[in-house]
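In order, the protein sequences belong to chains C, W and U.
Taking the numbering used here, the leading residue of the first sequence gets 1, the next gets one more, and so forth.
Taking the numbering used here, the leading residue of the second sequence gets 360, the next gets one more, and so forth.
Taking the numbering used here, the leading residue of the third sequence gets 624, the next gets one more, and so forth.
Honestly, the hints are just simulated from the structure, not real lab data.
Keep in mind the model is a prediction, meaning the values are calculated, not measured.
Here a beta-carbon is modelled for each residue, glycine too, at the ideal position from N, C-alpha and C.
Don't take every hint at face value.
What the hints assert, rightly or not - Not close to chain W: a few residues of chain U, all C-beta gaps over 10 Å, as computed:
1. Val633
2. Trp819
3. Ile883
Claimed, not checked - Here are the simulated DSSO-like pairs of lysine-lysine, each with C-alpha atoms no more than 27 Å apart in a straight line:
4. C/Lys186 <-> C/Lys138
5. U/Lys720 <-> W/Lys453
6. W/Lys453 <-> W/Lys513
7. U/Lys675 <-> W/Lys513
8. U/Lys720 <-> W/Lys513
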Amino acid sequence: MSASPANPRQELPAGSAALLEVRALAKRFGAVEVLKDISLNIASGEFLTLLGESGSGKTTLLRLIAGFDEPSSGEIWMSGERLDLLPPYKRRVNTVFQNYALFPHLSARDNVAYGLRVKKVPANELSGRIGDALRMVKMQDFAGYRPSKLSGGQQQRIALARALVNRPQLLLLDEPLSALDANLRKQMQSELKSLQREIGVAFLFVTHDQEEAMALSDRIALLRDGALEQVAAPREIYAQPATAYTAEFIGQTNLLRGEIRGGIVTCGALRWPLDQADGPVIFSLRPEAIRICADGKPQTSEAKFRASVRQQFYGGSSELLEVDCGSAQTLRVRIPAHGPLTGEHDFVFSLCDAIRVRE
Amino acid sequence: MRRSPLLALYAAFVFAFIYLPIVVLVLYSFNRDGVGGFPPRHFTLRWYTELFADSAIWDSLLNSLMVAGASVALSLALGLLAALALDRTDFPGKTLFRRLVLLPLILPGIITGLSLLMFAVFAGVQLSLITVLLGHATALVSVATTELFAGLQKLDRVQEEASLDLGATPWQTFWRVTLPNLRLSLIAAGLLIFTLSTDEIAVTFFLIGRDNTLPLEIWARLRRGITPEINAISALILVVSVGLIVIWYHLRARSLGSGSQELL
Amino acid sequence: MYSRAYKSLVSIPPIAWVGAFLLLPYALMFVHSLWAVREGVIVHQWNWENYKTLFTNALYAEVLLRTMRIAASVTLCSILLGYPLAYYLAFHAGARKELLYQLVIVPLWVSYLVRGYAWKTILGSDGVLNGFLQYLHLTHEPVGFFLYSPFAVVLMLTHIYTPFVFLPIYAALEHIPRPLLEASEDLGAGSVQTFWRVILPLSMPGLLAGATFAFVLSLGDFLAPLLVGGPSGTMIANVVQSLFGAAFDWPLGAAISVGILVITISLLFLSELLEKRWAFK
């Protein structure tokens, strides 16, 4: 079984130019290879999310682009120039840090002003731009406060303003919402999304939360053990996962393992026709793609199987069933709210919903 | 890690400044021709043998050790109580108390020494090793308090609560839980106090009676003139002090964990 | 959780000790300063003469001024040596940081007398330094001002107090969260700007603590002048010491001591105030 190719097929959003190009980037810490041969493009104005578990290398990649670490090999290009040769303070890239890293000895306003003062922006332009930045994150009333007097969400906004006021070409966000509680998180997600649309700066967003990635991104780059697993828009990555890992990481799925012989797929108790070469196969079948078969007769484009309901989890608008197909094969099925179910039932799914994936 | 050869060079220079005089001192303790001049020639152990025959020095060393030992006991006892008081009680004037306890650390020794001298006169007490001991203890209680207070802060209150919950009285809890947890802090503080007491001059200067401590014996010799014998005793003091301090440092690192790089 | 008996037991002995051996002696010192000396004997004649003498006598003013200059020089030099050293250890030393830290700490606690004596042997006309310079043929005669001068006092005290100044600065530098430095670079500031705008302000409380320590202790030092200061390097504490010795005038000596105590405590308060203002928690 071959490993996934180093660089999966990527397509930039239609009609946009590549702002940032990462070419064959690798990073080793001692003997450990944290990033392996990463090639990735980011379009200007795009919201790209680096998604992955902890240890997948997503933060390392971000830090390489920001300039806080040097690549072991490979290159980073931005707008036609080598980026990785520049120190962080010369890059047109700004970062929103995970714990905000606001300067405790400066007020919110002075924090936002920092990058401008360093570049010696003239005073009249300075106050205008600071005011705009604060208004953009709705913190204009808190300009005089020290960070220690601000809540987590407020600090996050100031960190955002501090980065954006410098008009970077690319904004890096290192899990900026992970320290916030659930409600605040949802609210900030919404604000971030509209903010990004409004100002049109490219965002490179790092997170381990796949729901967050799907909600916010134009494209998702899924990282696994230092390599890119798949790069695609959220709808595509959900509907057409390339590998088993992707199918399981993003949303929920049933992984069906079996083989094709003579044009018939057999995965445990499930069988259906498929005109492909003989050999082992893995299919991803999302729980919501399976229905209870009402009349007992499947269509030609559908497959049917019988299973008994073992567990039922009520979820308000839907139910999640764990069903036993026999010989220790358990599937998860999501159906609209139904009322309690027991015993054996017929289940059916469309053949086109069984997506073939690699290992 | 960033690199700055200029800064590294400067740092090396500062280290040299700190260590060079000490190295020179030790070097010349082996020099036959005395304390000055350059370069040192003629290695000899003569000064060390003279030192070992010098009974006054050994008498004063014995005095120093006695005072130091007693200082450790007294300072640790009072320091432990003071640390417990600061950690667990509240009373009017607590802030003043805390400041006063810590004051001798930063006050020039002459003030502590003179004020205690006036006290001794007032109380009609003759100057002797006892007054020296009281002076050392007063100055060094602050060291004990600081170290033990830090150790107490590290102690998880929950352990004591668990002990009480299991039926032990506060007294038993103190002996079975609190004190064992402070063991490392106590030893570390004790080592430090011992070292500081044997080296103490400023306060001792004003409280000394007929019997000299080691530093004051050396001081008296210095008034008469420099001899390499003083280099020799200094070198020995150095070696012992360094040994004690290194042990202290590692004990402290173990008792407080990393990040314990405060002044005391 | 702690009974009244427990609390009394732990607090009464130390409070009694502090009262008897700190408060009472200081009070006695103050009382002494209000007395006088007649014909070689202390008389309990209450007066403010000693304080008047302090303020009007030109000799004392001169010594006090010299003492302040020396203390200021020591503090400044200690900072100039100690701060870069702390900076180097905190940001450039990498794996050797722990070892280097120990190397700085250890001399800190080693005998004052030993270190002062070392300088005495080095700086004299027959000393190692002069010998070295003559050996290299850089000079042909011993240089006089190395020893028995204010220069020697400043040198020796700087040697003593540089590690003391290093400690709180190093602690403060280590406390600066590293993401702040990355944020500063991210926003366009190079090393120098990051130092002025972020590192220095955040290290101020440590710097202040170390500087206060060095200044106050140098101010009241009497041993260094006796070892290496000579007549031109006398400091105010030596005046006090002689007033309690050969120049028998305890009341005047006590008055000057009270003065030193007042200056010390004022500086401590001032320093604490400033530290609170600059500690950004």
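Results for each hint:
With 10 Å as the threshold on Cβ separation, the claim that valine 633 of chain U sits away from chain W is violated: the shortest Cβ distance comes to roughly 4 Å. The Cβ of tryptophan 819 of chain U sits about 16 Å from the closest Cβ of chain W, beyond the 10 Å cut-off, so the non-interface label holds. Under the 10 Å C-beta cut-off, the non-interface status given to isoleucine 883 of chain U relative to chain W is violated; the minimum distance is some 6 Å. Proximity of lysine 186 of chain C to lysine 138 of chain C is assessed by CA-CA distance (about 17 Å); at most 27 Å being required, the pair is judged to hold.
Simply put, lysine 720 of chain U and lysine 453 of chain W have alpha-carbon atoms about 38 Å apart, too far for the 27 Å limit, and the pair is violated. A threshold of 27 Å between alpha carbons decides the hint, and for lysine 453 of chain W with lysine 513 of chain W the separation of about 21 Å falls inside it, so the pair holds. Note on lysine 675 of chain U and lysine 513 of chain W: the hinted pairing is violated, with a Cα-Cα distance of about 51 Å set against a maximum of 27 Å. Our distance criterion of 27 Å between C-alpha atoms is met by lysine 720 of chain U and lysine 513 of chain W, whose separation comes to about 24 Å.
Hint compliance for this structure: hints 1, 3, 5 and 7 are not met, and every other hint is.
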